[in-house]
Amino acid sequence: MAKTIFELSSPGRIAATLPKCDLPKTFKAEVPPQYMKFLRKDTARLPELSELDVMRHYIELSHKNHFIEKGLYPLGSCTMKYNPKLHETLARHTCFANIHPCQPLETVQGALEIMFELQRDLSEIAGMAQVTLQPVAGAHGEFTGLKIIHAYHEHQGNHHKKKIIMPDSAHGTNPASCTLAGFEVIELKSRPDGRVDIDKLREIVNDETAGFMLTNPNTLGLFESQVEEIAAIIHAVDGLMYMDGANLNALLGIVQPGKIGFDVMHYNLHKTFSTPHGGGGPGSGPVGVVEKLIPYLPVPLIAKGEHGYFFDESHKHTSIGKVHTFYGNFAILLRAYVYIKMLGADGLRQVAENAIINANYIKKRLENFYHIEHPEHCMHEFVADGTLQVKQAGVKTADIAKRLLDKGFHAPTIYFPLIVSEAMMIEPTETESLQSLDAFSEAMIEIAKEAQSNPELLKQAPLNTPVRRVDDVKAVKVLDIKYPITS
Amino acid sequence: MASFQMENRTSGYCCRLTIALTEKEKPKKRHDINNLFVMQLYRGVTMPYISTTELERANMLKTIGVKNFEELLTAIPEKLRVQRSLNLEPALSEWEITRRINEKTCLNLCSQNANSFLGAGVYDHFIPAAVEFIISRPEFLTAYTPYQAEVSQGTLQAIYEFQTLICELTGMEIANASMYDGATAAAEAILMAVRRTKLTKAVISGTIHPSFKEVIKVYTEGIGIHLVYVPAQDGITDVNAMKQAVDDETACVLIQTPNFYGNLEEVFEIDAIVHAQESCLLIAAVDPISMAIFNAPAEYHADIVIGEGQALGNSVNFGGPLFGFFASKLDMARAMPGRIVGATTDLEGKRAYCLTLQAREQHIRREKATSNICSNEALCALAATVYLSLMGKDGLREAAMHCVRKAHYLADEISKIPGFSMAYPDTPFFKEFVINTPKPANYIIHHMLGRAIYPGVDMAPYSHPNQLMLAVTEKKSISDLDELVTALKEVTNG
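As given, the protein sequences belong to chains C and V, one line each in that order.
Be aware that the first sequence starts at 8, since it is given in the working numbering, and climbs by one per residue.
Be aware that the second sequence starts at 12, since it is given in the working numbering, and climbs by one per residue.
Watch out, some of these pointers could steer you wrong.
To be verified - DSS-like, lysine-lysine: derived pairs with alpha carbons at most 25 Å apart:
no.	chain 1	residue 1	chain 2	residue 2
1	V	K361	C	K414
2	C	K77	C	K92
3	C	K481	V	K340
4	C	K48	V	K340
No lab work stands behind these hints: they were computed from the structure.
Only chain V is shown next, with the shape it has when bound in the complex (with noise of 0.2 Å):
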């Protein structure tokens, strides 16, 4: 009886009333348009997010001139097909799975409840809550890429307006929508310098991010680049060994600064090597909230400027999304990966904004294409856009200045700790920096996590296992720092 109720309504997926079925009144076929409504009361499928009723899929059946469902699927030979149920965990309610989620965040000790100095790219920074407001705007959020410009006005011009920021802070003239992240912007990046100049021979400084070497190699290998990496020397690039591979063939020099280790890369010197060279093109990797008092990177003449945005406006999100900035010169414009949007106007001659210089992309050129970025990460670059217009120009600057003085303090208290000392003392840095530890790394840090401390991360795949690399934002406060230092005070005596 509860199945003839049921087939006369229109809506519902109610699979409670499962159990007014006897066993007797289970249906067998299992795709009997007939019994379609009642199967699934057996099959108990909850079905969320689906917004057609049996009862109006049956109809629309008809309507198609097909008796069942599988008659649209003749196309697939039988054979081909699923002969069983995936093997997959029973649907959850969305309780159910809330409830199971918040057990596993229980596992995860985070940022906001411990006393976090890690770094290695991504960055703690602080993020006013009007960023996470207007990026879970579903305007924004559920938004298509915006190939029909009348009604994407919203996030074409967000865009524009976030280019128009990477260049001011770059000092570039010209910025696309977004990269994946830092490394593969610095792996297209050296792809377009190899383009442009039509030389194969990368130099790239030692010491970039790990990954981004990992990245670079996965992208270059096989299509006949030439990366030489240039050797560090007391925590930057070795400007003389730089010297002796830059030549006539290279298409391009690759450096970050600040670098892996937190230090300033020296780039009037870098500068001057790499445009001794008449077509060699020098990429800088940087920080952009360093930008807000370090070099912009158009006062060293750098070429391209990348690097990774998730520092401004984005959470650490487990590594992920990050979100790559791509800038250059306006004459590469036309050599650049991934969209740019362009103003112009509308049929009644008012201000519109569009996706620009489409023709490089993959959708209109195939196999020859800048890149095959089609997908980037435009709500990431979204936070960073309404992150700098609430920062404003004095409030990134003050959060750089807070990280550069934080940073100085800390490492000149860790300094006066026996046994504690700057791995490269004499070299500038911003907000990150490498010390050498009496005991290993990894002993810190497994030593702090009672005391919910991550002190920050251990260089034992990249230097010295006695290393340990900190990053300090803006967020830290004194009591922060200053337990840090106690706490290793006390971790590696005796």
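Just chain C, with the same shape it has in the complex (with noise of 0.2 Å):
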């Protein structure tokens, strides 16, 4: 195992070189009396190192990694697709990546024109009416559409709305968001065939529903074929309809949320924009609205006017408010357009064709081999279980998955959702060739065969990566969350 950074130290040793501090002899070198008690009493021991010592440190570490280069990685909801690499020369520019957020708006045309374009692509590409790009994270986009469900209710007069309802399939962070929101969650048990159960939704709304949360397709990889009915009983309640766009990759070119009965919907860009996803961030999760929605949006909104763009804060009354320090994450937003650029509305429903028919193909060839649960074609992902091997060879999803690393794949998201015991959810996304597809599978075959004819490997394994399988319940047990350094 690497040592750590700080076992790596050498007092004395220092990489960065500064400027010359060059004052004047004339300025006054001793520290001001009142400045006193402010100063530090002992010194931060950060570690000590040359520039070669802390490259050789994080190049190692780096080798430790699965990343998208390397290989496949069937995430299910995270589409982990390839990330071009023209999006990191561009942003990295120095004339983005050095504009400062205060500077004056002569100064950041550009960069605004950019923010402009992306908020109308966005709209368009949904079928919303106005995109706020300033949520950083899918999460962080739910919980700015339920403020805006919440200030829409508000402003109607509509205190009692408290109550979101939403499948049993929701991602983890729509219940959290809604707590965090100020709304009170209610779960809906799904329908064998893996849908919203329209007539329980029926007896479960009411005056207080506030609206309802849909991630379409949902987690298990299935188009919500009643969406507009679903609308229409919760839109009667004077309700509003929330997609978690977690899935939207599905749907480019296809299909238009906004045209289809929802009201609020966030974009995760680092999935269906391909932006990177950094090792966990940073994302982005713009949020877009229909046209009564507009007035609540955060602020500003990237407005074009007489003299160029310019931040929109007329809506400032209304809007929800704030939920980032400054526009987003500009960064990200930039990568987006770019791809968005690249492919058009041609190559966007491209994508979604090739996301389709990728996990279609996977799922096939599978299915003689693991449990699925929900037979039909399904969307840009799919979700086959555990439960065969479980049954007869008391191999666990984990144990296929930990498997898999061995074979130079990433596992799937396993044990979720919560509703298919066992789960595994595939989504090869549109970057991948044919030959990875059927190396994937074929790992996932070869699996399924040893699980049978040798369950104690799956249960060892993995045997091949930088580590062996890792004790996580010992690490919450015996808690250890930072390097105790000594000198």
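Relying on the hints, combine the two individually framed chains into one complex.
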């Protein structure tokens, strides 16, 4: 195992060089007395290293990661597609990386134009009337969207609308965002076919219903065919329809959520629009709304006027306010902008088509080896499960996932959605080649066979990864969350 | 003929060949699988980043057992589908978009080409080249959240080191893997204090960043949290007013030091007020660079420490991505929002890392989670980790000393100009300060555009139109500072 950066430290070593502090000698050097009490008593024991030490250390760490350029990353609902390198080159341009959010508008017109066009393009893609680019993650977008729903009801004088209904297949962020936004969560059990149970929905909807939160395609990779009926039920009590856009990749150029009954939706630019995940972020979670909700969007929006682009705060008296220090994750927005421009309308439609074909292809290849609860054609992802393997060989989904790591693939999203036991949610994305889809399918088939012939092998897996199976129970029991620096 | 040749190839979306097709040869049916390849040529789609060819795709559809792609969409009622092409600009090639972006960059005037004194929460500090190199490595850049620990040890160990560095800077006992930004970190800190103390009143210094106030408002309204703002006196929190505001029903007190105006708060007095109450928690928002020379919040007994981390190795990026850091005392570990990495062992007893205390998080606890945060700003936190490793103990201290000395030199020099003065002359500050100007700040800012100088933030929305707030980092040379002084004289003279 690699040493920590702190163990490599050697007193007096330094990597960075700083400019001279070339102030005139006449400038007083001593600390004024009123500052004395604010001086730190000890010194922060940061590691002391040369640049080569630091480089070797982090390069060594980097070798222990799976990443997209290394191999297929079939995480369901995460849309781990290839991230074009062009995005990185353009986003790192000094005239984007080094513009300050408080610069005069005249000096940032290029950046504002990109944001303005992205607002427009994202609106068109989802059939929404306007988009805020401010939320910086999917869950942040959910929170923003729910606050917009809250503001709408407050504005209508409907203070009693405090309940959000969602199916039990919802992402964990959905209920968590509802709580954060001050709503009560009403969970709706899904039908055996994996869809929203419309009859039950009719029973539980009432005047307190503030809205309905739906992922579409849902987390089983199935399109909610009755979305119009659902919307009618919710709209009948003046509730609003929220779409979790995590799975928007399947709908590009095929369905515009804003045109089929959804009132609010967040986009995950780090999924659908191919900005890198960065080991967990930064992402970007813009929120689109229909016309009647525009007054509640966060301030500012980017607008175009006589003298160029500007920050529009004209709706600030109805707006929910701000959800970020400045205007959101600009550098991520820029990458998504480039992606949309590279693909155009036809290209985006091809993204969706290929994502759907790739998922169905893997599903077909695995159907004789793994139980698949919902055998119908899927959208961009599908859920297989390990129940056969549990029954026949005592091998769990976690074991299958770990064995996949041995074979050079990342594991699917496992044990989610919660409504399928031993779930493996597989999303190959459109960027994978036929060879890699085949290689993944064959690895999965091989594992299914190994489960029969050598179940112990799977329970011991992984064998070839930088570390063997990690004891996460111990990590909770014996909490070790920082290195004990001594010196 | 061109279409025939192309159909026999397994690769390529060579749109240039479309010109070889005559009007007659163009297929009429949009989704006829037998003509898909030709259709693509007709539509002129380049389809970058898609790795299967039309021929392969046709074979895949055959394997799936459908005649054409449309058959896979049977779950989507026809009337719900888009009946037209999306109204987007036609696809551009890599060179075309590069060229366009380069044109747009010319419309921006960045700090590399200007003499900028802008701060207000994000700062233009020096970043060693190696930082960019490491965070650009695809191993870090394109990896997902490290849920599969065995193939994510690089990311996990880097976060563990990040947590250690934040704890070392702040004097706290536990730190998470990052928040969206300083503002959301502040809001989540208040929510954590409310959860922890079961009290609902939060007392907040009026000197915190205005955006923090706005974000806190959105995060706390409608859920029964009562915010009380304490006014400022001489650019820092009015300690007497704070004393009045804090009582035994107060969950927490949030201060920022250096505060929005750049000034150092009377942290020891505030500590005494807060901790005179049994359960009240002190939340400190700090500038991480200042930690190299000014009090670690542990010294004034802060219970939760948060802040904007951008200054640590991250570019300004027009205000995003930023990243928030979040640290606290260990007894609050289970109430914390966000991801936390722990060290443990693997099957063979080797040291290994994994996400820990996950029972707090949304993917396990759903509506009962401590926060809804999922994606955070991991890559920015990695940049901070590499930055702090490169700067080291002495480097960060030196950078902080530069900021203090250069900022104070500039303040002295500006104060000597007739009509200019320090807004808070007796209040200690770090790298940012507010000055009174003889002409409106807006006037000065616009009259310096031609000289490519950004003299600071116009304080009109926050305090007074005749005030500018200036930030000085270690990147400034004496000639940068003197250039501003000269320009201020000239622009306001007459």
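Hints and how they fare:
no., hint, result
1, V:K361 - C:K414, "holds, 22 Å"
2, C:K77 - C:K92, "holds, 15 Å"
3, C:K481 - V:K340, "holds, 21 Å"
4, C:K48 - V:K340, "holds, 19 Å"
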